[in-house]
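Student: Work out the full structure, taking the sequences as your base and the hints as a guide.
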Amino acid sequence: SQKIEQNSEALNIQEGKTATLTCNYTNYSPAYLQWYRQDPGRGPVFLLLIRENEKEKRKERLKVTFDTTLKQSLFHITASQPADSATYLCALDPWGNDMRFGAGTRLTVKP
Amino acid sequence: DAGVIQSPRHEVTEMGQEVTLRCKPISGHNSLFWYRQTMMRGLELLIYFNNNVPIDDSGMPEDRFSAKMPNASFSTLKIQPSEPRDSAVYFCASSNRDRVFAGELFFGEGSRLTVL
Numbered sequence: 001s002q003k004i005e006q007n008s009e010a011l012n013i014q015e016g017k018t019a020t021l022t023c024n025y026t027n028y029s030p031a032y033l034q035w036y037r038q039d040p041g042r043g044p045v046f047l048l049l050i051r052e053n054e055k056e057k058r059k060e061r062l063k064v065t066f067d068t069t070l071k072q073s074l075f076h077i078t079a080s081q082p083a084d085s086a087t088y089l090c091a092l093d094p095w096g097n098d099m100r101f102g103a104g105t106r107l108t109v110k111p
Numbered sequence: 112d113a114g115v116i117q118s119p120r121h122e123v124t125e126m127g128q129e130v131t132l133r134c135k136p137i138s139g140h141n142s143l144f145w146y147r148q149t150m151m152r153g154l155e156l157l158i159y160f161n162n163n164v165p166i167d168d169s170g171m172p173e174d175r176f177s178a179k180m181p182n183a184s185f186s187t188l189k190i191q192p193s194e195p196r197d198s199a200v201y202f203c204a205s206s207n208r209d210r211v212f213a214g215e216l217f218f219g220e221g222s223r224l225t226v227l
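Protein chains in written order, with our numbering: chain A, 1 to 111; chain B, 112 to 227.
Read the hints as simulated data drawn from the structure, not as lab findings.
Hints are supplied without guarantee of correctness; some may be wrong.
The calculated DSSO-like cross-link candidates involving lysine-lysine, where the alpha carbons are at most 30 angstroms apart (straight line), are [unchecked claim]:
no.: 1; chain 1: A; residue 1: LYS110; chain 2: A; residue 2: LYS57
no.: 2; chain 1: A; residue 1: LYS63; chain 2: A; residue 2: LYS110
no.: 3; chain 1: B; residue 1: LYS179; chain 2: B; residue 2: LYS189
no.: 4; chain 1: A; residue 1: LYS3; chain 2: B; residue 2: LYS179
no.: 5; chain 1: A; residue 1: LYS17; chain 2: A; residue 2: LYS110
no.: 6; chain 1: B; residue 1: LYS189; chain 2: A; residue 2: LYS3
Only a predicted model underlies this, so the values are computations on that prediction, with no experimental measurement involved.
Tutor: This is how it looks when you write it as structure tokens:
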């Protein structure tokens, strides 16, 4: 069956460090992979999209990698800040059709 | 643009009652998604529409759930009869998507449903 696994339920890091979140999938052939941020009591908000033929994408302090051989995406936040504390969700996107989400990783950045 | 608008934001009802959740997508978007979020199961896709047509409803839990999109600016998710296990936050999201362009999803603030 198709699975999307975000390896850590929770990740605690110190301010200024780099946070690395993992998204693994099985039995999928996504054309795109997207990352979202969700704050408590709010809907998810889009952060980054990466295509299957792209290895890496950057946006300010965010970096996403996509390895279709390993079936894995890594999401990095460099120079993390307490304001980055939130739940981060990856979503798989098979050619513009449905979008299915992982369970999310709750990131806490401590001052 | 006001974004995706969902109503009600909170609903408390008793088991057996009918519940209707409403969604107004962003104008011009061609796709609409309904998700359900719980601590145990995360964000689950229930159904999505493209150009007002239901494309995949395989995530709808059972016949008690139904969704409609009568026009491009309105969708409903109905639960009849409701059960305590339906308690969750229900999100609506809209997007511009097709097989060439994978637009991101814009989510509403959700409808928190509690069934007693």
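Student: Please name the hints from earlier in the document that this structure breaks, with their numbers sorted from lowest to highest.
Tutor: Hints that this structure does not satisfy do not exist here, as all of them hold.
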